[in-house]
Amino acid sequence: MGERRLKSILIILGSIFMIAFCLMPFLYMLIISISKNPDFLASLGNFQFASDNYHGILTIKSLHFLDYLRNSIVVSAVSAFITVLIAGLAAYAITRLTLLGKVFILLFVLAISMFPQISIVSYLYRFMGRLNWINTYQGLIFPYIAWILPLSLWILVSYFSQIPRDLDRAGLVDGCSKWQILRKIIFPVAAPGLFSTALLAFIFAFNEFMFAVMLTIDYHSRTVPVGIALFQGLHGEIPWGTIMAASTIATVPIVICTILFQRHIIQGITRGAVKG
Amino acid sequence: MRVRLVDVTKKFVSLRGEVFAVNRINLEIKDGEFFVLLGPSGGGKSTLLNLVAGLEKLSAGEIWFDEKLVNSAKGGVFLTPKERNVAFVFQSYALYPHLNVFENIAFPLRIRSGQKITIKQSVEKAANTLKISDLLFAKPKELSGGQRQRVAIARAIVRQPSLFLLDEPLSNLDPQLRLSTRRELKELQRKLGVTTVYVTHDQLEAISIGDRIAIIRDGGLVQVGTPDELYEKPKNPFVATFIGAPGMNLIETSVQEENGIYWIRLGNKRISLPQNRKNDFEKFVSKTCILGIRPEHIKINPFQTEQSFRARIKSIESLGRDELVQVSIDDVDILVLTNEPGLEKDEVVDIEFDLSKLQIFNK
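If you read the protein sequences in the order shown, they are chains V and B. Under our numbering, residue 396 is the last one in the first sequence; the count climbs by one each step, no gaps. Under our numbering, residue 366 is the last one in the second sequence; the count climbs by one each step, no gaps.
Source of the hints: derived by calculation from the structure; they are not laboratory data. Built from N, CA and C at the ideal position, the CB exists for glycine as well. Worth double-checking, as some hints may not be accurate.
Between beta-carbon pairs, the in silico distance windows are [as the list claims (entries may be wrong)]:
1) V:Ser278 / B:Asn175: 52 to 62 Å
2) V:Thr371 / B:Ser116: 45 to 55 Å
3) V:Ser135 / B:Gln124: 52 to 62 Å
4) V:Ser278 / B:Lys60: 46 to 56 Å
5) V:Gly221 / B:Leu195: 20 to 30 Å
6) V:Gln282 / B:Asn175: 33 to 43 Å
7) B:Asp333 / V:Gln282: 23 to 33 Å
Straight-line Cα separation of at most 25 Å, BS3-like style, residue types lysine-lysine; simulated pairs [said to hold, decoys possible]:
8) B:Lys134 / B:Lys194
9) B:Lys236 / B:Lys144
10) B:Lys236 / B:Lys60
11) B:Lys317 / B:Lys272
12) B:Lys286 / B:Lys317
13) B:Lys366 / V:Lys304
14) B:Lys194 / V:Lys298
15) B:Lys60 / V:Lys298
16) B:Lys14 / V:Lys222
17) V:Lys304 / B:Lys119
18) B:Lys142 / B:Lys71
19) B:Lys189 / B:Lys272
20) V:Lys127 / V:Lys156
21) B:Lys128 / B:Lys71
22) B:Lys317 / B:Lys238
23) V:Lys304 / B:Lys142
24) B:Lys123 / B:Lys194
25) B:Lys286 / B:Lys272
26) B:Lys360 / B:Lys238
27) V:Lys222 / V:Lys156
28) B:Lys272 / B:Lys194
29) B:Lys238 / B:Lys194
30) B:Lys317 / V:Lys298
31) B:Lys286 / B:Lys236
32) V:Lys304 / B:Lys189
33) B:Lys272 / B:Lys360
34) V:Lys304 / B:Lys144
35) B:Lys189 / B:Lys134
36) V:Lys222 / B:Lys60
37) V:Lys298 / B:Lys14
38) B:Lys119 / B:Lys14
39) B:Lys134 / B:Lys123
40) B:Lys134 / B:Lys144
Chain V extracted, bound-state conformation (with noise of 0.2 Å):
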């Protein structure tokens, strides 16, 4: 009995630990944006509270902040969608057609994804500039969409792989088209994985730096991470207030996509280790 107990406690505090060490810097965050006199690594001592942080940013034009907001929303709500929408046909032709060499196709899929961000930047960039799309929604979306593809091929290949055949064939005895199974069966039954994977494809649009800072300008196109690394202060200071309240809001509409989808993305995630 006492081993157990024990045992039990070290669980718990184990668990604790972990919590704790993982979101000290969002809690730290979070205390920092609400504070009086923000500094970077003040002691909290002498906090107090106030909320002109938030309020500054969500009402001071000149910041733009709502505007990176919306862009980074735009940009990777479209970038998600349509990834997955790609994937998901390639992952059904993948997995259900008579295709020679398909793991050639998903290894080379692999490899391209491999290459580091940083070594295709400068091509890109004079990319976008020849087609005008410095600045543009279009110039972040299509560049997201190649980076998050394989990932997201992958991810569904082995979701769509699960699926039995025998459900394609019914389908097809009860009188579908392809269009039809894919339609009525595959991606209902998917859907579980399909919303997980453009979660997981949003998430990378909504984190991704390095091409949002090349290939944005100003407020018309850029995002969150690159609008809260240039942040200023008046005179030249890190406003760390600001940074971390804006911080601390654009993790929310993630925060609100995984609580809303939480269910899906669980199922989407173990699905498969347990035979339903």
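On the provided structure of chain V, position chain B as indicated by the hints.
Here is chain B on its own, set in the frame of chain V:
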């Protein structure tokens, strides 16, 4: 509907080369018949069913539904399962997990864009037939294996198919449920009168459910016939051992002729074969051949007779009502099905074959 298979061949090409899953099969399935494809796993019977369904395309040959050509490799004719109006019950049931029972059954009707009211009526009728009316709003994962199976069958009958195809539909059920479902399935088929092709590897199932059975092995057709024909007149040793539980005893021997009487020798004793079956044995004279005799056609005698063999009991296995006794005549092991009481291991007994049931095969 009548189904005719002409030289039906399916080969799969893989990196390891060509494999003939089905090789030149000719068959005719009569209208309203309950036809069973029976054979060991991997023999090609499921592939054959898929070809009939239109889930696979022929590599060579033709398939006819009545007077309509539905697939011809040479003529480039291929009708989809939808155009063939076939229904299929899968071994895994293949219910749509995201839809409830009602929607699962209604699915084929919705795809054909039927009227809402008629869909409801048809679904309810099919559900009534299979006694699952109380489950209509459950999701497949909430159902037991037997219930899922009923839903799968309901989905198959709801649109009145002209051909009903079942791929090992009972193999995921527990034995008792399997027996009762088997009976219901047979009844249902009689009632609906729809031509049915049923795939199984279980010979007992095949014998009890099928009007006729085709035995498929290594992609080829071995024998077609009614259950009785297969049981009594197996074409070769494979069918002889595959049909019946336990299968037929096979004994390698030769037939000798002496003064117009045919004899066979087993161990150091020979027995005469009945005169009225002379024609059956004639062509095997002085050749090595294989005798087949079913365990249930061997008697354990209390007395030695002219036609009996001395045998020693090697093992006894109780099957409930009967006992399965393994005896050996010299080096030849033979299984005997008997309800003789009081047998013991290592006992020496006399056994006698029912010679009217004796089968003889080429080696």
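Status of the hints after comparison with the structure:
no., hint, result
1, V:Ser278 / B:Asn175: 52 to 62 Å, "violated (26 Å)"
2, V:Thr371 / B:Ser116: 45 to 55 Å, "holds (47 Å)"
3, V:Ser135 / B:Gln124: 52 to 62 Å, "holds (57 Å)"
4, V:Ser278 / B:Lys60: 46 to 56 Å, "violated (29 Å)"
5, V:Gly221 / B:Leu195: 20 to 30 Å, "violated (46 Å)"
6, V:Gln282 / B:Asn175: 33 to 43 Å, "violated (19 Å)"
7, B:Asp333 / V:Gln282: 23 to 33 Å, "violated (57 Å)"
8, B:Lys134 / B:Lys194, "holds (15 Å)"
9, B:Lys236 / B:Lys144, "violated (46 Å)"
10, B:Lys236 / B:Lys60, "violated (34 Å)"
11, B:Lys317 / B:Lys272, "holds (20 Å)"
12, B:Lys286 / B:Lys317, "violated (34 Å)"
13, B:Lys366 / V:Lys304, "violated (56 Å)"
14, B:Lys194 / V:Lys298, "violated (34 Å)"
15, B:Lys60 / V:Lys298, "holds (16 Å)"
16, B:Lys14 / V:Lys222, "holds (21 Å)"
17, V:Lys304 / B:Lys119, "holds (18 Å)"
18, B:Lys142 / B:Lys71, "violated (39 Å)"
19, B:Lys189 / B:Lys272, "violated (47 Å)"
20, V:Lys127 / V:Lys156, "violated (43 Å)"
21, B:Lys128 / B:Lys71, "violated (30 Å)"
22, B:Lys317 / B:Lys238, "violated (30 Å)"
23, V:Lys304 / B:Lys142, "holds (16 Å)"
24, B:Lys123 / B:Lys194, "holds (22 Å)"
25, B:Lys286 / B:Lys272, "holds (22 Å)"
26, B:Lys360 / B:Lys238, "holds (14 Å)"
27, V:Lys222 / V:Lys156, "violated (59 Å)"
28, B:Lys272 / B:Lys194, "violated (55 Å)"
29, B:Lys238 / B:Lys194, "violated (33 Å)"
30, B:Lys317 / V:Lys298, "violated (60 Å)"
31, B:Lys286 / B:Lys236, "holds (17 Å)"
32, V:Lys304 / B:Lys189, "violated (32 Å)"
33, B:Lys272 / B:Lys360, "holds (20 Å)"
34, V:Lys304 / B:Lys144, "holds (18 Å)"
35, B:Lys189 / B:Lys134, "holds (16 Å)"
36, V:Lys222 / B:Lys60, "holds (22 Å)"
37, V:Lys298 / B:Lys14, "holds (24 Å)"
38, B:Lys119 / B:Lys14, "violated (43 Å)"
39, B:Lys134 / B:Lys123, "holds (16 Å)"
40, B:Lys134 / B:Lys144, "holds (18 Å)"
Going down the numbered hints, you'll see the structure goes against 1, 4, 5, 6, 7, 9, 10, 12, 13, 14, 18, 19, 20, 21, 22, 27, 28, 29, 30, 32 and 38, while the others check out.
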